[in-house]
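Peer 1: Sequence:
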Amino acid sequence: MHYTPYGKETTDRSQVGVWFYPEGEEPAERMSGNCACIFPFGWDDIPPHDPAFEQVKSITIDREAHLHSFTPHMHFRGKYMRFYADYPDGTTEELINVAKYNYNWQLSYLYKEPKLVPAGTQIRVVGAFDNSSQNPANPDPERTVPWGNESWDEMFFGVVNYKFTDQAGDD
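Numbering (my numbering), first residue to last: 1 to 171.
Simulated from the structure, these hints should not be mistaken for laboratory data. Don't be surprised by glycine CBs; every beta carbon is placed ideally from N, CA and C. It is possible that part of the hints are untrue.
Stated by the list, open to error - Label-pair distances were calculated between CB atoms; the ranges are:
#1 Cys37 <-> Asp140: 37 to 43 Å
#2 Glu142 <-> Glu54: 16 to 22 Å
#3 Pro118 <-> Glu54: 24 to 30 Å
#4 Thr92 <-> Lys112: 20 to 26 Å
#5 Gln134 <-> Glu26: 48 to 54 Å
#6 Gln122 <-> Glu26: 28 to 34 Å
#7 Pro22 <-> Trp105: 37 to 43 Å
Go ahead and model the full structure; you've got the sequences and the hints to work with.
Peer 2: Here it is, written out as structure tokens:
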């Protein structure tokens, strides 16, 4: 949930439900997640009129794991986001290609069956932004676009959800 200031006091009716395990009981299984995210300190501003400005970010999965889902997140200029596995043996596999990213369809993409990856696998996320006038969702192709919380700025989040194989529980 994003909250941004807009100049007046307001009230929100959001609710959050949290369920706790009984004291002393540990869950049998846990899902982990990580984000190949670019935050303001690593962000390269998107130049005006650039139809395919690419950014890349990687994370390493340090233990054998089953991949479960991917969630790309960009704003109006998001063009595509691709997730790759760069394996320790030097091979690469494309895991998912969200070829026509659409800000209005912010989906998580789930594997029907979890995908096993070895320890040391790098998940590399490549995303592009269309800051041209050819992008009908682009609010201003004349603008250099920074990272920001507002939808007219941009973000780059490549979220991966996985479970380590040495954890208990079914996938």
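Peer 1: Of the numbered hints stated previously, which ones are contradicted by the structure, given in increasing order?
Peer 2: 1
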